[in-house]
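**Q** Sequence:
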Amino acid sequence: MKKILTLAVVLLAGCAEATSAQEAKAKVTEEVRVIQTYPFSSPNPVPILTEDYRLYPYHRFEGYAHESQRKEWKVVKLENEWIELWILPEVGGKIWGARVKKTGNEFIYRNEVMKFRNIALRGPWTSGGIEFNFGVIGHAPSTASPVDYITRENDDGSVSVIVGAMDLPSRTHWRVEVRLPSDRAYFETRVLWRNPTTQEQAYYNWMTAAAFAQDDLVMTIPGNSYLGHPGERYDWPIDDQGRLLSAYKENAFG
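In this text, residue positions in the sequence shown follow this note's numbering: the first is 699, and each later residue adds one.
Hints listed in this document are in silico derivations from the structure and should not be mistaken for laboratory results.
Any given hint could turn out to be false.
Said to hold, decoys possible - Derived DSSO-like pairs (lysine-lysine); straight-line CA-CA distance at most 27 Å:
(1) Lys725 to Lys775
(2) Lys799 to Lys775
(3) Lys723 to Lys769
(4) Lys723 to Lys772
(5) Lys723 to Lys799
(6) Lys769 to Lys725
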């Protein structure tokens with residue numbers, strides 16, 4: 699039995715609307731950028747079965763640098779008249795950051811230092827941007843590894859970059875299209891997750907989005923509940939103690 703999961707997310711930049719689709723232009727370019735990087739290394743030859751059988755056949759990485767180096771990374775850039783964003787296909791396909799051109803305001807935080815640390819399911823993880831996770835609960839095995847990608851100029855004038863990979867333990871295939879319209883100050887993510895096997899698989903998906911946090915930050919997220927890290931359910935946006943979790947300044951606890 700084949701199963702397909704489709705999701706859509708819209709991220710707003712909050713700047714001026716377009717005057718007309720004919721006047722607006724969106725473009726996609728590829729480049730190599732030098733980013734200060736704390737690399738990871740030392741793949742563990744011992745099968746990960748000894749730590750977490752759910753992650754087989756992946757292996758873990760055990761080495762994390764304490765000194766940085768200048769390293770070249772492939773970057774895909776999407777931009778129109780109002781906003782620009784960057785994607786890192788060699789780092790799990792994550793959105794590195796996004797900003798409003800007129801003001802320079804980064805509405806998705808772009809970390810200018812790639813500091814990998816032992817946080818993800820197979821080890822290396824670095825903060826910032828929007829990270830794509832599929833499969834076992836946690837920062838996915840692909841989060842710091844190169845994934846497949848392709849760029850596209852669409853018939854409606856928008857541009858896209860599509861990133862994706864196979865999740866080896868489940869043999870499922872995930873794809874994320876990051877699309878920037880030509881005449882709007884936002885971008886969209888569209889997700890396709892396909893199970894080509896005859897076995898049922900857990901469809902666990904989450905995306906992290908990093909932003910500069912100040913006391914006036916409010917998270918507008920639909921729904922009435924959220925999942926904790928092990929998968930337990932909690933009330934949202936007001937918890938069982940009456941705290942408004944969607945307001946950043948109310949989260950000074952724990």
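**Q** Each hint: holds or not?
**A** Results for each hint:
no.: 1; hint: Lys725 to Lys775; in the structure: 8 Å, holds
no.: 2; hint: Lys799 to Lys775; in the structure: 13 Å, holds
no.: 3; hint: Lys723 to Lys769; in the structure: 32 Å, violated
no.: 4; hint: Lys723 to Lys772; in the structure: 23 Å, holds
no.: 5; hint: Lys723 to Lys799; in the structure: 14 Å, holds
no.: 6; hint: Lys769 to Lys725; in the structure: 26 Å, holds
When held up to the earlier numbered hints, the structure conflicts with hint 3 and nothing else.
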